[in-house]
Amino acid sequence: MLGQLVVSSLALGSIYALTALGFAIIYRASDVVNFAQGEMMMLGAMAALLLYRDLHLSYPVAFGCAVLISMAVAIVVERVAFRPLLHAPHFTVLLSTVAIAQVIRSGVRAFYGQELSSFPPAWSDAPIEVYGVRFTLLGVGIIATTALTLIIFLVLFARTNMGWAMRATAQNMRGAAIVGVSVPRVYSQTWAIAGGLAAVGGILLAPLIIITPDMGVIGNKGFIAAILGGFNSLGGAVMGGFILALMENLIGVYISSAFKDVIIFGCLIVVLLARPTGLWGTQKLKRV
Amino acid sequence: MLRRLLLTAGLLTGLGASAALAADPGVSKEEIKIGMWSPLTGPTALLGTSERDAVEIAIDEVNAGGGVNGRKLKLIVYDDAGSPQEALAAVRRLIDQDGVFALIAGSTSGSTLPIVPLINRAKIPFVASISSNRKLLDPFSRYIFRAYSNEVAQADRVIEFALKQGVKKPAIVYTSNDYGIGGEEAVTHRFQQAKVSLVARERYNQTDQDFSAQLLRIKQSGADSLFVWAFAAESGIIVRQAREVGLTMPIYGGGGTATPLFPKAAGQAGIGVVAAYVAPELPESSFKPVADYREKLKARYSGNPPPGRPSEYDLAGYGALKIFAEGLKRAGSEPTRESFIAALETLKDFNAGTIFPVTFTATQHEGTDQSAMVRVNDANHWEIVKR
Chain C
42 MLGQLVVSSL ALGSIYALTA LGFAIIYRAS DVVNFAQGEM MMLGAMAALL LYRDLHLSYP
102 VAFGCAVLIS MAVAIVVERV AFRPLLHAPH FTVLLSTVAI AQVIRSGVRA FYGQELSSFP
162 PAWSDAPIEV YGVRFTLLGV GIIATTALTL IIFLVLFART NMGWAMRATA QNMRGAAIVG
222 VSVPRVYSQT WAIAGGLAAV GGILLAPLII ITPDMGVIGN KGFIAAILGG FNSLGGAVMG
282 GFILALMENL IGVYISSAFK DVIIFGCLIV VLLARPTGLW GTQKLKRV
Chain S
136 MLRRLLLTAG LLTGLGASAA LAADPGVSKE EIKIGMWSPL TGPTALLGTS ERDAVEIAID
196 EVNAGGGVNG RKLKLIVYDD AGSPQEALAA VRRLIDQDGV FALIAGSTSG STLPIVPLIN
256 RAKIPFVASI SSNRKLLDPF SRYIFRAYSN EVAQADRVIE FALKQGVKKP AIVYTSNDYG
316 IGGEEAVTHR FQQAKVSLVA RERYNQTDQD FSAQLLRIKQ SGADSLFVWA FAAESGIIVR
376 QAREVGLTMP IYGGGGTATP LFPKAAGQAG IGVVAAYVAP ELPESSFKPV ADYREKLKAR
436 YSGNPPPGRP SEYDLAGYGA LKIFAEGLKR AGSEPTRESF IAALETLKDF NAGTIFPVTF
496 TATQHEGTDQ SAMVRVNDAN HWEIVKR
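Heads up: the protein sequence lines correspond to chains C and S, in order.
When the first sequence is numbered by this note's numbering, its final residue is 329 and no position is left out of the sequence of numbers.
When the second sequence is numbered by this note's numbering, its final residue is 522 and no position is left out of the sequence of numbers.
It should be emphasised that the hints constitute simulated quantities derived from the structure, not laboratory data.
Just so we're clear, the structure is a prediction, and the values are computed from it rather than from any experiment.
Glycine included, each C-beta is placed from N, C-alpha and C at the ideal position.
Heads up, a few of these hints could be off.
[Said to hold, decoys possible] Listed below are several chain C residues computed to face chain S (Cβ distance under 8 Å; list not exhaustive): (1) Ser49; (2) Asp95; (3) Pro168; (4) Ile169; (5) Arg175; (6) Asn202; (7) Ala206; (8) Val258.
In isolation and in its complexed conformation, chain C is listed as follows (with noise of 0.2 Å):
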């Protein structure tokens, strides 16, 4: 049983990982909490779904040039709603990211309308028994992505011009500039790449439930998984998003799936009370 609930978290942990690391890394960057993580992951779904299932485009292709598309509209939206507001009061901005989430969920449900569609799977959803533990191909393949996107991203993050140059940002945005960061394009790459990540989780999510407008609202799982592992913690929210979703399933089988949210958000509440940075978040040093 244990071993069931381990391996049917994996799944659902690994696009809980992506959005929380999504939200980490604007975060990281610029102070921000963009609360329209969950609608770039229901655009990066919808775009797939349209290439793949109306155009006929091959999995791959959709797959990559939906992600470059949310990317794209991620750089429009850090342009719009983001820089202008860079002096403004946090607050600001953070209602700005949330009337972003607003438009784009009401703009895809005007263009879309109430249709719902389920993605065709690109990996058998069949279940297989191994040992007594039951998995897909599906479960596999989306297990597989988020590693190698991981992967992709912690090379660029730590092995590129651009990885470097978004550190140092993070870590000092004046100093950066002064050794000639340029911060404007930094946040530019931040924004694109947050807006690729949440699109390969949705990308991801899609075959697993269904596409609406509104299934950005697992963009909040994100979020608290971000909060759990530490919001300026890149691999603390990746492993915030696994421990999230191992939770829900530990709490909802053994506990009781009614109370299942009470307790995630009591021990959120603690774990902020014990760590308020989050279980692998550190403290960023303010200097007045």
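On the provided structure of chain C, position chain S as indicated by the hints.
Chain S in isolation, oriented as in the chain C frame:
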């Protein structure tokens, strides 16, 4: 000053004149105003847009035939986006500002039940055709009439059917809204009467997308059948995930499951699922009243009705307006809210064509307790297995 006096005087005469014409709001010489609030946007927009189109199509038919006793029907619709707060504001506006004569259709249970006290206070008649929650008419309200069977009646039919198929250890998974909780109560109650107890009762929150925990618990419980009380899209995900975790037992659903969206959402996993269905005919039926309606809906959308349409809510909304018009006709040439209620209570086996015949009496405002049983066939479409 003089101007204000004159205005007041004019207003008073105006008021006097209209009071002499009809005692109740919403009725003028030429027309009768009907109010509706429904989710036209948001996740449950399919319900609201279906009912609105259906009510409007039926009104057009009535008006094309000269209206009711010489008066045309006029519909005022507000969107509640499925939110109880917006529903309350919409109904207040319909009653206080628009001064409608009566209400029709309504919203999902969650946005209809909170309106009941308001309806009772305003003493305004309401012909309901979306909410299936028992509490809409329990406690009884003489102002509310329901056009189709409530969840208790739906659960009765499904369970009757399931018991005949030999179900002994049922489990239920349900959503934590009025529809799901109402269904869970009805299912539990009906099984108790049959001396069968549920081996697992699993609940989930409305925004949940992953149901592994609930389904694994049901698997552990050794259940021999699964009842799903959730709206169509979620039912679809639940059924798919149920098959994935290895639940192979028969699956049964309530009225919320039996919509064209379910087979789309569930895919192959949905084949064989049985559910209660609130009308005697499927929306794609060739039965004449339904086929005629479908043509009119097509014309309304210039040949291209939105996906999932017509839905059973089209059929219910159409039937509700036909019931409404019949009551109004029987209420005579000077209808009041009271005479309209009295007239509706004389309806006996009234057949609107698209829903089961309804009968209302002074003490019974549940129009019918009938539902059909439908099953997803091998072509992944609903088919009627028992009327």
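So, Val258(C) near chain S? Judge it on the closest CB pair being under 8 Å. Check passed: Cβ of Val258(C) comes within 5 Å of chain S, closer than 8 Å.
Tell me if the interface restraint on Asp95(C) is satisfied: Cβ within less than 8 Å of some Cβ in chain S. 13 Å, violated
Measuring from the C-beta of Ala206(C) to each C-beta in chain S, is the shortest one below 8 Å? This interface hint is violated because 36 Å lies over the 8 Å limit.
Would you settle whether the hint for Arg175(C) is holds or violated, based on the nearest Cβ-Cβ distance to chain S being less than 8 Å? 5 Å, holds
Residue hint Ile169(C), partner chain S, criterion CB-CB below 8 Å: Violated, about 10 Å.
Residue hint Ser49(C), partner chain S, criterion CB-CB below 8 Å: Nearest chain S Cβ about 4 Å off; hint holds.
Hint Pro168(C) vs chain S: min CB-CB distance below 8 Å? 5 Å, holds
Supplied contact hint for Asn202(C), tested at 8 Å Cβ to chain S: 38 Å, violated
This entry does not satisfy hints 2, 4, 6, 7, going by the numbered hints stated previously.
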